[in-house]
Amino acid sequence: TGGKRFDYGQSPTVIGGYGEAIYNNYRDSSVKDQADLRRFVLFFGHKFNDRLRFNSELEIEHSWIEGGEGGEVAMEQAYLEYAISDKINTRAGLMLMPIGITNETHEPPTFYGVERNQVESLIIPSTWRELGLSAQGEALPGLEYNVGISTSLNAGKFKKPENGLRESRTAGGEAAANDLGFFGALNYRGVPGLLVGGSVFSGNTGQDGASNAALKGVAARVTLWDLHANYTVGGLDLQALYARGTMNDADKVSAATGVVAPKSLYGWYTQAAYHVWKKGDFDVAPFIRYERYNTQASVADGYASDPLNNETVTTMGVNFKLHPQVVLKADIQNFKTDNKKDRYNLGIGYMF
Amino acid sequence: TGGKRFDYGQSPTVIGGYGEAIYNNYRDSSVKDQADLRRFVLFFGHKFNDRLRFNSELEIEHSWIEGGEGGEVAMEQAYLEYAISDKINTRAGLMLMPIGITNETHEPPTFYGVERNQVESLIIPSTWRELGLSAQGEALPGLEYNVGISTSLNAGKFKKPENGLRESRTAGGEAAANDLGFFGALNYRGVPGLLVGGSVFSGNTGQDGASNAALKGVAARVTLWDLHANYTVGGLDLQALYARGTMNDADKVSAATGVVAPKSLYGWYTQAAYHVWKKGDFDVAPFIRYERYNTQASVADGYASDPLNNETVTTMGVNFKLHPQVVLKADIQNFKTDNKKDRYNLGIGYMF
Amino acid sequence: TGGKRFDYGQSPTVIGGYGEAIYNNYRDSSVKDQADLRRFVLFFGHKFNDRLRFNSELEIEHSWIEGGEGGEVAMEQAYLEYAISDKINTRAGLMLMPIGITNETHEPPTFYGVERNQVESLIIPSTWRELGLSAQGEALPGLEYNVGISTSLNAGKFKKPENGLRESRTAGGEAAANDLGFFGALNYRGVPGLLVGGSVFSGNTGQDGASNAALKGVAARVTLWDLHANYTVGGLDLQALYARGTMNDADKVSAATGVVAPKSLYGWYTQAAYHVWKKGDFDVAPFIRYERYNTQASVADGYASDPLNNETVTTMGVNFKLHPQVVLKADIQNFKTDNKKDRYNLGIGYMF
Numbered sequence: 001t002g003g004k005r006f007d008y009g010q011s012p013t014v015i016g017g018y019g020e021a022i023y024n025n026y027r028d029s030s031v032k033d034q035a036d037l038r039r040f041v042l043f044f045g046h047k048f049n050d051r052l053r054f055n056s057e058l059e060i061e062h063s064w065i066e067g068g069e070g071g072e073v074a075m076e077q078a079y080l081e082y083a084i085s086d087k088i089n090t091r092a093g094l095m096l097m098p099i100g101i102t103n104e105t106h107e108p109p110t111f112y113g114v115e116r117n118q119v120e121s122l123i124i125p126s127t128w129r130e131l132g133l134s135a136q137g138e139a140l141p142g143l144e145y146n147v148g149i150s151t152s153l154n155a156g157k158f159k160k161p162e163n164g165l166r167e168s169r170t171a172g173g174e175a176a177a178n179d180l181g182f183f184g185a186l187n188y189r190g191v192p193g194l195l196v197g198g199s200v201f202s203g204n205t206g207q208d209g210a211s212n213a214a215l216k217g218v219a220a221r222v223t224l225w226d227l228h229a230n231y232t233v234g235g236l237d238l239q240a241l242y243a244r245g246t247m248n249d250a251d252k253v254s255a256a257t258g259v260v261a262p263k264s265l266y267g268w269y270t271q272a273a274y275h276v277w278k279k280g281d282f283d284v285a286p287f288i289r290y291e292r293y294n295t296q297a298s299v300a301d302g303y304a305s306d307p308l309n310n311e312t313v314t315t316m317g318v319n320f321k322l323h324p325q326v327v328l329k330a331d332i333q334n335f336k337t338d339n340k341k342d343r344y345n346l347g348i349g350y351m352f
Numbered sequence: 001t002g003g004k005r006f007d008y009g010q011s012p013t014v015i016g017g018y019g020e021a022i023y024n025n026y027r028d029s030s031v032k033d034q035a036d037l038r039r040f041v042l043f044f045g046h047k048f049n050d051r052l053r054f055n056s057e058l059e060i061e062h063s064w065i066e067g068g069e070g071g072e073v074a075m076e077q078a079y080l081e082y083a084i085s086d087k088i089n090t091r092a093g094l095m096l097m098p099i100g101i102t103n104e105t106h107e108p109p110t111f112y113g114v115e116r117n118q119v120e121s122l123i124i125p126s127t128w129r130e131l132g133l134s135a136q137g138e139a140l141p142g143l144e145y146n147v148g149i150s151t152s153l154n155a156g157k158f159k160k161p162e163n164g165l166r167e168s169r170t171a172g173g174e175a176a177a178n179d180l181g182f183f184g185a186l187n188y189r190g191v192p193g194l195l196v197g198g199s200v201f202s203g204n205t206g207q208d209g210a211s212n213a214a215l216k217g218v219a220a221r222v223t224l225w226d227l228h229a230n231y232t233v234g235g236l237d238l239q240a241l242y243a244r245g246t247m248n249d250a251d252k253v254s255a256a257t258g259v260v261a262p263k264s265l266y267g268w269y270t271q272a273a274y275h276v277w278k279k280g281d282f283d284v285a286p287f288i289r290y291e292r293y294n295t296q297a298s299v300a301d302g303y304a305s306d307p308l309n310n311e312t313v314t315t316m317g318v319n320f321k322l323h324p325q326v327v328l329k330a331d332i333q334n335f336k337t338d339n340k341k342d343r344y345n346l347g348i349g350y351m352f
Numbered sequence: 001t002g003g004k005r006f007d008y009g010q011s012p013t014v015i016g017g018y019g020e021a022i023y024n025n026y027r028d029s030s031v032k033d034q035a036d037l038r039r040f041v042l043f044f045g046h047k048f049n050d051r052l053r054f055n056s057e058l059e060i061e062h063s064w065i066e067g068g069e070g071g072e073v074a075m076e077q078a079y080l081e082y083a084i085s086d087k088i089n090t091r092a093g094l095m096l097m098p099i100g101i102t103n104e105t106h107e108p109p110t111f112y113g114v115e116r117n118q119v120e121s122l123i124i125p126s127t128w129r130e131l132g133l134s135a136q137g138e139a140l141p142g143l144e145y146n147v148g149i150s151t152s153l154n155a156g157k158f159k160k161p162e163n164g165l166r167e168s169r170t171a172g173g174e175a176a177a178n179d180l181g182f183f184g185a186l187n188y189r190g191v192p193g194l195l196v197g198g199s200v201f202s203g204n205t206g207q208d209g210a211s212n213a214a215l216k217g218v219a220a221r222v223t224l225w226d227l228h229a230n231y232t233v234g235g236l237d238l239q240a241l242y243a244r245g246t247m248n249d250a251d252k253v254s255a256a257t258g259v260v261a262p263k264s265l266y267g268w269y270t271q272a273a274y275h276v277w278k279k280g281d282f283d284v285a286p287f288i289r290y291e292r293y294n295t296q297a298s299v300a301d302g303y304a305s306d307p308l309n310n311e312t313v314t315t316m317g318v319n320f321k322l323h324p325q326v327v328l329k330a331d332i333q334n335f336k337t338d339n340k341k342d343r344y345n346l347g348i349g350y351m352f
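The listed protein sequences correspond, in order, to chains A, B and C. Per the working numbering: the first sequence = residues 1 to 352. Per the working numbering: the second sequence = residues 1 to 352. Per the working numbering: the third sequence = residues 1 to 352.
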């Protein structure tokens, strides 16, 4: 969870950062190869006193932005946290939704593969952050909770079914706030090497028609939940996740936006990695990941899913760490349905 | 004044920041509620030697910017300062205009209310910064002066009368510089708890038609001045400000831009707060503020003011400090003329 | 070279910065004067261990960006570097091309004149950075090499012949990567006060039509090379540079983009400065620079060069350093061909 990353030594103000550069080489020559400084992120944190802190992340995506073109400059996090007691920490501000594994822990050295997994990009729309209030802590030995209320998605901004609900995120910028959401997560880390957890978010998304007048009076509740596990034993690193979302009033959202909104969407993946070689700071770990997902698993009557959104992805590759915080990556990705996406990827990443 | 904020201990380079997240809930259901990471600002300063320093503020407004949408990324300040003597400090670069109280001191814990006051947003267009040269210091014991020359407003960019002259600011980015301005401010702090001061800015704004050819040869001088006072005694915190601006050639600016430019605009407010409860770092202070302003107090012959721009606002609320640098805020705002703006607001803010 | 700038004392993370504000006053009244916070740049670096480091530069140009207007936010550098041995350092990520003098060393106190020289802006498109892999070090005593492969220019984005190849740069943001480039540089610093060097970059730029379908199958190789020297002796500071570029398939690029692409472009300058007065940190150095360049030295058959692109510029002025890292500048520029550009300039700059 965000705040723990910062090591406030004697200085009350800390800076850090992470980033990644990626090269995608597509098998199909009609799809153009690309190199991208995908993310450059800076952390800024300040400790006001032992109970009160500020944490933030500022991100530049795709290297530059000018004249309405290029990438994005965005806050990923910016929240105050106050520890009421040993068991209850509270936060207010722009915060990462505690859904899944990747959304909160997304620095390149922490995950396998050049690209983040698809399920936690398209079903769980990482990096997903909302303005909200939350409380978190250790409820029982090893059992962490995180609950809160926050701004919700905005169905009026739904645009690309192939991206799940990504375009509906408001990311804390003049966010429609007629409908709010709530979230809760439980994660158990009581056994060394094991993480087992689950989470849920639910909120109306019609926003009283704030972004699309045709959605006035439409609730369009979205509920998204996941179950996940990670187990590290010996040199083996195993991970699995299942996520599922539903949208009420998908017929009205489809009619209002002119794109086919999902009544339901889901995805899951399993992943195995093995640390084959370690020497000093070096660590080489091949991995394989298998993903199934459908961003339009079901749609409203009278609408049709695009079969390209029902996808199976296999990723095989290797993470080579030069240092626990610096990684070189290479992998091959096979898309069963839309094989124009087949590619190999190279990447470098760091965090500090 | 900006430079004092930085505490250069043993490190020649310092970072800091401030920010605020705001929730607006409007009484009229036709106006949509909103949550916003209004401002995220970072300070970067460097001390070259005991006389020479650099100070800067980089701001992200409204959380993100992408594809021509979203908020703003902008420099709020970026200037070098050189102390010629104990009495004369000089600055060069992008600097805050020393007009009013809020323009130079705008960190959320330093003012009452979730939103900055209207008069110092619409009559004094805070955060107002220009590229310029200035000198400042203590002329007599307790009496601070600040004088300078700078880029001026650009009448060719005048756009929304309801926002006063805000859109005419150039903010240091490829600013038209055919017409320059000058400014001066005096502030007396010789009595503990008291601040009494005034300021003036004056400059032509036609810019030889740089942004609007119809303004070629038009002077369109803008003069803006204010008087202000703050008095803190016991638990009481009293503040008042009067600001007035005039624009010459308002007829020509109106004709050239197609919007009704003000011949004059003015506003004032009074504010009282009382620290009802303090404990450790905690400090609770209810407040009330009464504002009158008109962004089109008079207009050129043949043009008509929009009566909605003649407004009276009452704001009642409370600032709850968790720490001298961290504040929670809540208030209710009543707009006498345009009651669609009636709302309650919640906010959090910090500075470090 | 970028990484050396950072002085990692006891802290593994360092920040720094540089910037400049510029005032341009044109002789011809039809050209509007301008003041601009041209560049504000922050450095962030981290040392993971004695061999492994991260260096980056984040830039805001022209003070602000909002709603598709204003300036630019961009990464200038963001690379990891790993020292394989004393003789071989390697880098991966977004890096400055080691072409010419200014592209890698561009902080305002390091060059004469308010504006960077024209040849290293229009012939060598500074600040030119690409995503790539490189190796650098000292091959022989005093002789530094730097070689690498990188993303290349993108001819499909060629737009303004008067700017040379500037618009074809991809700057690491979703860069077309069907065609890659390679670069090499040698610089000799073995004699105190002397630098003699040269460099070359070459790469196809058609990018298989990624940005302009009419360039599918067109190689459009660009080769750009330079020779440069700097000699500092007594109070004298002498510098000269020659740069030349060629583009194959200029006819096809011209046809595809609708603008007249150069078959060749070239430029050179000589510059002399003399430190007339030094006292403490102060240092006053008048200078003169003479530049010749043509961004359309030759074009494809059937196309015509714009004679305005064949230019001779004389710049005379003075750099006044308040401190080795802070400079005030003033100069006069005379453009022989396009005398609408004649102007005097004032500037301030810093680096830390």
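Errors might be hidden in some of the hints.
Which copy is meant is left open, because identical chains are indistinguishable; a pair holds if it fits in one copy or across any two.
Pairs of lysine-lysine residues, derived as DSS-like cross-links and limited to a Cα-Cα distance of at most 30 Å, are as follows [to be verified]:
hint: 1; residue 1: K252; residue 2: K321
hint: 2; residue 1: K216; residue 2: K340
hint: 3; residue 1: K279; residue 2: K87
hint: 4; residue 1: K47; residue 2: K216
hint: 5; residue 1: K157; residue 2: K47
hint: 6; residue 1: K160; residue 2: K336
hint: 7; residue 1: K47; residue 2: K341
hint: 8; residue 1: K321; residue 2: K157
hint: 9; residue 1: K159; residue 2: K278
hint: 10; residue 1: K321; residue 2: K159
hint: 11; residue 1: K340; residue 2: K279
hint: 12; residue 1: K47; residue 2: K87
hint: 13; residue 1: K157; residue 2: K279
hint: 14; residue 1: K252; residue 2: K87
hint: 15; residue 1: K32; residue 2: K160
hint: 16; residue 1: K47; residue 2: K252
Note that these hints are calculated values from the structure, not bench results.
Outcome of the hint check:
1. K252 <-> K321: This pair counts as neither: shortest intra-copy Cα distance 49 Å, inter-copy 45 Å.
2. K216 <-> K340: between (39 Å within a copy, 18 Å between copies)
3. K279 <-> K87: between (39 Å within a copy, 23 Å between copies)
4. K47 <-> K216: neither (43 Å within a copy, 53 Å between copies)
5. K157 <-> K47: Classified as neither; 37 Å inside a copy, 42 Å across copies.
6. K160 <-> K336: within (20 Å within a copy, 43 Å between copies)
7. K47 <-> K341: The answer is neither: 45 Å in one copy and 37 Å across copies each exceed 30 Å.
8. K321 <-> K157: So K321 and K157 fail the 30 Å test inside a copy (39 Å) and across (36 Å) alike.
9. K159 <-> K278: Neither way: K159 and K278 sit 45 Å apart in one copy and 50 Å across, limit 30 Å.
10. K321 <-> K159: neither (38 Å within a copy, 42 Å between copies)
11. K340 <-> K279: For K340 and K279, neither the intra-copy (38 Å) nor the inter-copy (64 Å) Cα distance is at most 30 Å.
12. K47 <-> K87: within (19 Å within a copy, 36 Å between copies)
13. K157 <-> K279: neither (49 Å within a copy, 46 Å between copies)
14. K252 <-> K87: neither (43 Å within a copy, 66 Å between copies)
15. K32 <-> K160: Both: 21 Å inside a copy, 25 Å across copies.
16. K47 <-> K252: neither (47 Å within a copy, 54 Å between copies)
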